[in-house]
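Using the sequences plus the hints, can you model the full thing?
Which chain is which? The protein sequence lines are A and B, in order.
The first sequence runs 0 to 255 under numbering that gives the first Met the number 0.
The second sequence runs 0 to 324 under numbering that gives the first Met the number 0.
Please note that the accuracy of each hint is not assured.
[Unchecked claim] Below, in silico cross-link-like pairs of lysine to aspartate or glutamate (EDC-like), each with a Cα-Cα straight-line distance of 16 Å or less:
{"no.": "1", "chain 1": "A", "residue 1": "Lys80", "chain 2": "A", "residue 2": "Glu204"}
{"no.": "2", "chain 1": "A", "residue 1": "Lys201", "chain 2": "A", "residue 2": "Glu108"}
{"no.": "3", "chain 1": "A", "residue 1": "Lys234", "chain 2": "A", "residue 2": "Glu204"}
{"no.": "4", "chain 1": "B", "residue 1": "Lys283", "chain 2": "B", "residue 2": "Asp307"}
{"no.": "5", "chain 1": "A", "residue 1": "Lys223", "chain 2": "B", "residue 2": "Glu131"}
{"no.": "6", "chain 1": "A", "residue 1": "Lys223", "chain 2": "A", "residue 2": "Asp21"}
{"no.": "7", "chain 1": "B", "residue 1": "Lys323", "chain 2": "A", "residue 2": "Glu251"}
{"no.": "8", "chain 1": "A", "residue 1": "Lys202", "chain 2": "A", "residue 2": "Glu108"}
{"no.": "9", "chain 1": "A", "residue 1": "Lys223", "chain 2": "B", "residue 2": "Asp301"}
{"no.": "10", "chain 1": "B", "residue 1": "Lys320", "chain 2": "A", "residue 2": "Asp247"}
{"no.": "11", "chain 1": "B", "residue 1": "Lys321", "chain 2": "A", "residue 2": "Asp111"}
{"no.": "12", "chain 1": "B", "residue 1": "Lys320", "chain 2": "B", "residue 2": "Glu225"}
{"no.": "13", "chain 1": "A", "residue 1": "Lys234", "chain 2": "B", "residue 2": "Glu293"}
{"no.": "14", "chain 1": "A", "residue 1": "Lys202", "chain 2": "A", "residue 2": "Glu67"}
{"no.": "15", "chain 1": "B", "residue 1": "Lys299", "chain 2": "A", "residue 2": "Asp166"}
{"no.": "16", "chain 1": "B", "residue 1": "Lys323", "chain 2": "B", "residue 2": "Glu193"}
{"no.": "17", "chain 1": "A", "residue 1": "Lys234", "chain 2": "B", "residue 2": "Glu131"}
{"no.": "18", "chain 1": "A", "residue 1": "Lys15", "chain 2": "B", "residue 2": "Asp307"}
{"no.": "19", "chain 1": "B", "residue 1": "Lys321", "chain 2": "B", "residue 2": "Glu225"}
{"no.": "20", "chain 1": "A", "residue 1": "Lys80", "chain 2": "A", "residue 2": "Asp111"}
{"no.": "21", "chain 1": "A", "residue 1": "Lys148", "chain 2": "B", "residue 2": "Glu225"}
{"no.": "22", "chain 1": "B", "residue 1": "Lys320", "chain 2": "A", "residue 2": "Glu250"}
{"no.": "23", "chain 1": "A", "residue 1": "Lys234", "chain 2": "B", "residue 2": "Asp291"}
{"no.": "24", "chain 1": "A", "residue 1": "Lys201", "chain 2": "A", "residue 2": "Glu65"}
{"no.": "25", "chain 1": "A", "residue 1": "Lys202", "chain 2": "A", "residue 2": "Glu214"}
{"no.": "26", "chain 1": "B", "residue 1": "Lys323", "chain 2": "A", "residue 2": "Asp247"}
{"no.": "27", "chain 1": "B", "residue 1": "Lys283", "chain 2": "A", "residue 2": "Glu251"}
{"no.": "28", "chain 1": "A", "residue 1": "Lys80", "chain 2": "A", "residue 2": "Glu67"}
{"no.": "29", "chain 1": "A", "residue 1": "Lys15", "chain 2": "A", "residue 2": "Glu227"}
{"no.": "30", "chain 1": "A", "residue 1": "Lys80", "chain 2": "A", "residue 2": "Glu50"}
{"no.": "31", "chain 1": "B", "residue 1": "Lys283", "chain 2": "B", "residue 2": "Glu262"}
{"no.": "32", "chain 1": "A", "residue 1": "Lys234", "chain 2": "B", "residue 2": "Asp301"}
{"no.": "33", "chain 1": "B", "residue 1": "Lys321", "chain 2": "A", "residue 2": "Glu227"}
{"no.": "34", "chain 1": "A", "residue 1": "Lys234", "chain 2": "B", "residue 2": "Glu193"}
{"no.": "35", "chain 1": "A", "residue 1": "Lys202", "chain 2": "A", "residue 2": "Glu164"}
{"no.": "36", "chain 1": "A", "residue 1": "Lys223", "chain 2": "A", "residue 2": "Asp26"}
{"no.": "37", "chain 1": "A", "residue 1": "Lys234", "chain 2": "A", "residue 2": "Asp247"}
{"no.": "38", "chain 1": "A", "residue 1": "Lys148", "chain 2": "A", "residue 2": "Glu164"}
{"no.": "39", "chain 1": "B", "residue 1": "Lys321", "chain 2": "A", "residue 2": "Glu240"}
{"no.": "40", "chain 1": "B", "residue 1": "Lys323", "chain 2": "A", "residue 2": "Glu250"}
Please keep in mind that the hints were generated in silico from the structure rather than gathered at the bench.
Chain by chain, the residues:
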Amino acid sequence: MRVLCCVKRVPAPGAKINITADGQDVDTAHLGFAMSPHEECAVEEAVQLCERFDGEATVLTLGPPEAEEQLRYAASLGVQKAVLLSTDGSSWDPQRTASAIASAIETLEAADGPFDLILFGNESADSGGYQVGIRAAHALGRPIVNAIKGIEPDLDAGTATAKREIDGGFELYNLPMPAVMGVKEGLNLPRYPTMRGRLASKKIEVSVMQAEADEGGQTRVTLKQPAETVSNTVKLGNGPEAAPAIVDLFEELGLL
Amino acid sequence: MADILVLAETEDGAVVPATLEALTAARQLDGDVHVLLCGDSVDADDAAERLGEYGASTVHVGESDLLNVFGPEAWGQALALAIEEISPDVVLASGTSKGNEVLAMAAARLDLPFVANCTELPSELADDDEVELTRVQWGGSLLEQSQLSAETRIVSIAHHALEAESAGGSAAATETIDMEIDDLYARTQVVGREMAEAGVTLATAPIVFGGGRAVGSAEAFAPLEECASLMGGRVGCSRAVTNNGWRPHRDQVGQTGTRIAPELYVASGISGAIQHWVGAMASKQILAINTDPEANMVVKADYFVEGDLHQVIPAVAEEIKKRKA
Ligand SMILES: Cc1cc2nc3c(=O)[nH]c(=O)nc-3n(C[C@H](O)[C@H](O)[C@H](O)COP(=O)(O)OP(=O)(O)OC[C@H]3O[C@@H](n4cnc5c(N)ncnc54)[C@H](O)[C@@H]3O)c2cc1C
Ligand SMILES: Nc1ncnc2c1ncn2[C@@H]1O[C@H](COP(=O)(O)O)[C@@H](O)[C@H]1O
Chain A
0 MRVLCCVKRV PAPGAKINIT ADGQDVDTAH LGFAMSPHEE CAVEEAVQLC
50 ERFDGEATVL TLGPPEAEEQ LRYAASLGVQ KAVLLSTDGS SWDPQRTASA
100 IASAIETLEA ADGPFDLILF GNESADSGGY QVGIRAAHAL GRPIVNAIKG
150 IEPDLDAGTA TAKREIDGGF ELYNLPMPAV MGVKEGLNLP RYPTMRGRLA
200 SKKIEVSVMQ AEADEGGQTR VTLKQPAETV SNTVKLGNGP EAAPAIVDLF
250 EELGLL
Chain B
0 MADILVLAET EDGAVVPATL EALTAARQLD GDVHVLLCGD SVDADDAAER
50 LGEYGASTVH VGESDLLNVF GPEAWGQALA LAIEEISPDV VLASGTSKGN
100 EVLAMAAARL DLPFVANCTE LPSELADDDE VELTRVQWGG SLLEQSQLSA
150 ETRIVSIAHH ALEAESAGGS AAATETIDME IDDLYARTQV VGREMAEAGV
200 TLATAPIVFG GGRAVGSAEA FAPLEECASL MGGRVGCSRA VTNNGWRPHR
250 DQVGQTGTRI APELYVASGI SGAIQHWVGA MASKQILAIN TDPEANMVVK
300 ADYFVEGDLH QVIPAVAEEI KKRKA
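This is how it looks when you write it as structure tokens:
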């Protein structure tokens, strides 16, 4: 089984997201980088499926050369191959991103055969466009469903059952493979890298391809902060002695 | 006058409330409001009455066996066909999971841009090929000004960005569109459901007892569970907790978890990272229990108790029982 997962390098902010003086980007001066939790689950699923079905997992990212960090992180979890679609680090619109990813997938598949499953995150952590996976799947002519929190392939039947979380339960889909899915956190519990994984990730060869595609019809103008929550926090007390005051509050709010 | 096409989302035989939000947003534009309704699970006349009340003038009912149950590809093709038939200036849906999915599908088919989760719709959207929109990034922690250039502007309005308001309109006219949907798209139709037992969910609970990394283990959630069950609430948690495997992901509050909106959110041992905060900020009141008076959660909360949650929460449980007795 061949599984591909697509991840995006994003900053990992703490209590607040600061913006650069020109209003164009998140100020990453004091920040680390990560991938979206949805995408971490995509990577974990790819690794698990390839362990179960004796397959090969590949991770792909479109971004600046530094995005190699996220590829190596995926490798430390057990992904065997890594592909960097290199850009100058400027923000790419979703049409352009999807089109570059789809043509890169065609190139990879022409060389090594089709991916049975391609996993995207449901939405990227930063821009949250809710579309790159859908556009790429459409360009490849493959089925896709979003918001997936459970995957069970049936290799004999050539299908994969997918569970989508809805209000109060799950909806089930049964996709013929090769298939594409947009997955959500909760799909699995991602592992942490082991020492052996970390060592292996240093050795893995990252194939670098130049990302290429035409710009789409959406352009970033600026980023801005939403109105800040200002609160005059009322202190109810210290330690367990505050319990009666807390329960008074429950009563005041009509909750008890 | 401009034409605006709104995608209706349905669930259990009815139009979902989120679609009424999209209609309310559509009414702020100067245009004729059309709705695409798919599937035979909804009675078209009932729907036309409800949709008309919220400002729709015409409901176009997409007819095809492949539209009767939800399938993102079939619905995406149906929307693309409706766009070709009606030639709207604006195509709109609520930014729910399926709303965004179907809009993205249609946009992919027509090779048009799609701007997800706008917080408001400027009036130029109806008349101008080039328009600046405000949209949500980072699940609501940041806003983006985005320029959209397209003859047909496909956008979603962020779920809960505004409240649905009736326009007091009369029933919309209904028209059917015969949809030629490729048989191939049966491949992404819903084939079944697994429903959990009904009851209060994290999203609907009146009180949520949230625990963070400081809770320390799965077992240590017991006092929070006790408080929640005494009060008909639910336990929530931060991602630090789910990552440690102490609670299932369905309990996670935040950007990649559930958005909660209880009367009171009691956040214990949670620092209030921005990705947690966006899931909690719709709570009517917040009580933070933390050892650190400077924690982001504390600073943003309405109420604060300084102390060790391992002592405070059991004391709260005892106090509730005492008053209930
Ligand atoms: C893209 C992205 C998406 C994310 N999505 C989510 C999400 O959906 N939900 C989410 O929660 N996180 C999310 N995160 C993770 C988030 O950034 C934080 O890492 C996480 O919320 C921290 O959890 P915490 O507050 O429990 O832990 P910590 O930040 O470690 O905070 C622990 C708190 O407990 C307090 N404390 C310590 N001891 C005690 C005690 N004895 N009694 C009382 N208080 C005590 C400390 O003062 C501190 O405030 C996301 C991150 C990224 C990058
Ligand atoms: N630059 C990128 N490189 C690789 N994958 C990406 C990139 N941007 C988006 N994706 C994938 O597409 C999904 C949806 O992104 P978006 O449409 O931006 O919400 C993400 O969760 C990723 O899996």
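Hint check:
1. Under the criterion of a C-alpha separation no larger than 16 Å, the hint pairing Lys80/A with Glu204/A is consistent with the structure, at around 7 Å.
2. For a cut-off of 16 Å, the pair hint linking Lys201/A to Glu108/A is broken: about 25 Å separates their Cα positions.
3. For the suggested pair Lys234/A and Glu204/A, the alpha carbons sit about 55 Å apart, so the restraint of at most 16 Å is broken.
4. About 24 Å separates the Cα atoms of Lys283/B and Asp307/B, which puts this hinted pair outside 16 Å; it is violated.
5. A C-alpha spacing of about 14 Å is found between Lys223/A and Glu131/B, which places the hinted pair at or below 16 Å, so the restraint holds.
6. Using a Cα cut-off of 16 Å, the hinted pair Lys223/A and Asp21/A holds, with the two alpha carbons roughly 11 Å apart.
7. Taken as a hint, the Lys323/B and Glu251/A pair is honoured in the structure, with Cα atoms around 15 Å apart against an allowance of 16 Å.
8. With a C-alpha separation of about 23 Å, the suggested pair Lys202/A and Glu108/A falls outside the 16 Å cut-off, and the hint is violated.
9. Restraint check: the Cα-Cα separation between Lys223/A and Asp301/B comes to about 25 Å, which exceeds 16 Å; the hinted pair is violated.
10. As the CA atoms of Lys320/B and Asp247/A are separated by approximately 13 Å, the hinted pair is consistent with the 16 Å bound.
11. Under the criterion of a C-alpha separation no larger than 16 Å, the hint pairing Lys321/B with Asp111/A is inconsistent with the structure, at around 68 Å.
12. In summary, the hint linking Lys320/B to Glu225/B is supported, as the alpha carbons are separated by about 10 Å, within the 16 Å threshold.
13. The straight-line distance between the Cα atoms of Lys234/A and Glu293/B is roughly 12 Å, inside the 16 Å bound, and the hint therefore holds.
14. For the hint pairing Lys202/A with Glu67/A, the CA-to-CA distance comes to about 13 Å; that is within 16 Å, so the pair holds.
15. Between Lys299/B and Asp166/A, the direct Cα distance comes to roughly 29 Å. Violation of the 16 Å bound is thereby established for this hinted pair.
16. As the CA atoms of Lys323/B and Glu193/B are separated by approximately 37 Å, the hinted pair breaks the 16 Å bound.
17. With a CA separation close to 43 Å, the supplied pair Lys234/A and Glu131/B exceeds the 16 Å bound.
18. Taken as a hint, the Lys15/A and Asp307/B pair is broken in the structure, with Cα atoms around 25 Å apart against an allowance of 16 Å.
19. The suggested pairing of Lys321/B with Glu225/B holds, with an alpha-carbon distance near 14 Å, which does not exceed 16 Å.
20. With a C-alpha separation of about 12 Å, the suggested pair Lys80/A and Asp111/A falls inside the 16 Å cut-off, and the hint holds.
21. Proposed proximity of Lys148/A and Glu225/B is contradicted: the alpha carbons are some 29 Å apart, above 16 Å.
22. Under the criterion of a C-alpha separation no larger than 16 Å, the hint pairing Lys320/B with Glu250/A is consistent with the structure, at around 13 Å.
23. Restraint check for Lys234/A and Asp291/B: the C-alpha separation of about 13 Å stays at or below 16 Å, so the hint holds.
24. Distance check on the hinted pair: Lys201/A and Glu65/A sit about 14 Å apart at the alpha-carbon level, within 16 Å; holds.
25. With a C-alpha separation of about 35 Å, the suggested pair Lys202/A and Glu214/A falls outside the 16 Å cut-off, and the hint is violated.
26. For a cut-off of 16 Å, the pair hint linking Lys323/B to Asp247/A stands: about 12 Å separates their Cα positions.
27. A distance of roughly 13 Å separates the Cα atoms of Lys283/B and Glu251/A; the hinted pair therefore holds under the 16 Å criterion.
28. The straight-line distance between the Cα atoms of Lys80/A and Glu67/A is roughly 12 Å, inside the 16 Å bound, and the hint therefore holds.
29. Between the alpha carbons of Lys15/A and Glu227/A the distance comes to roughly 10 Å, so the proposed pair stays at or under 16 Å and holds.
30. Taking the CA atoms of Lys80/A and Glu50/A, the gap is near 14 Å; set against the 16 Å cutoff, the hint holds.
31. Distance hint between Lys283/B and Glu262/B is fulfilled; the C-alpha atoms sit about 5 Å from each other, no more than 16 Å.
32. Note on Lys234/A and Asp301/B: the hinted pairing holds, with a Cα-Cα distance of about 9 Å set against a maximum of 16 Å.
33. For the given pair, Lys321/B sits about 39 Å from Glu227/A by alpha-carbon distance, which is inconsistent with the 16 Å threshold.
34. For the given pair, Lys234/A sits about 44 Å from Glu193/B by alpha-carbon distance, which is inconsistent with the 16 Å threshold.
35. Between Lys202/A and Glu164/A the alpha-carbon distance is near 38 Å, which puts this suggested pair outside the 16 Å criterion.
36. About 12 Å separates the Cα atoms of Lys223/A and Asp26/A, which keeps this hinted pair within 16 Å; it holds.
37. A C-alpha spacing of about 13 Å is found between Lys234/A and Asp247/A, which places the hinted pair at or below 16 Å, so the restraint holds.
38. With a CA separation close to 6 Å, the supplied pair Lys148/A and Glu164/A stays within the 16 Å bound.
39. The suggested pairing of Lys321/B with Glu240/A holds, with an alpha-carbon distance near 15 Å, which does not exceed 16 Å.
40. For the hint pairing Lys323/B with Glu250/A, the CA-to-CA distance comes to about 11 Å; that is within 16 Å, so the pair holds.
Checked against the numbered hints given earlier, the structure breaks hints 2, 3, 4, 8, 9, 11, 15, 16, 17, 18, 21, 25, 33, 34 and 35 and satisfies all the rest.
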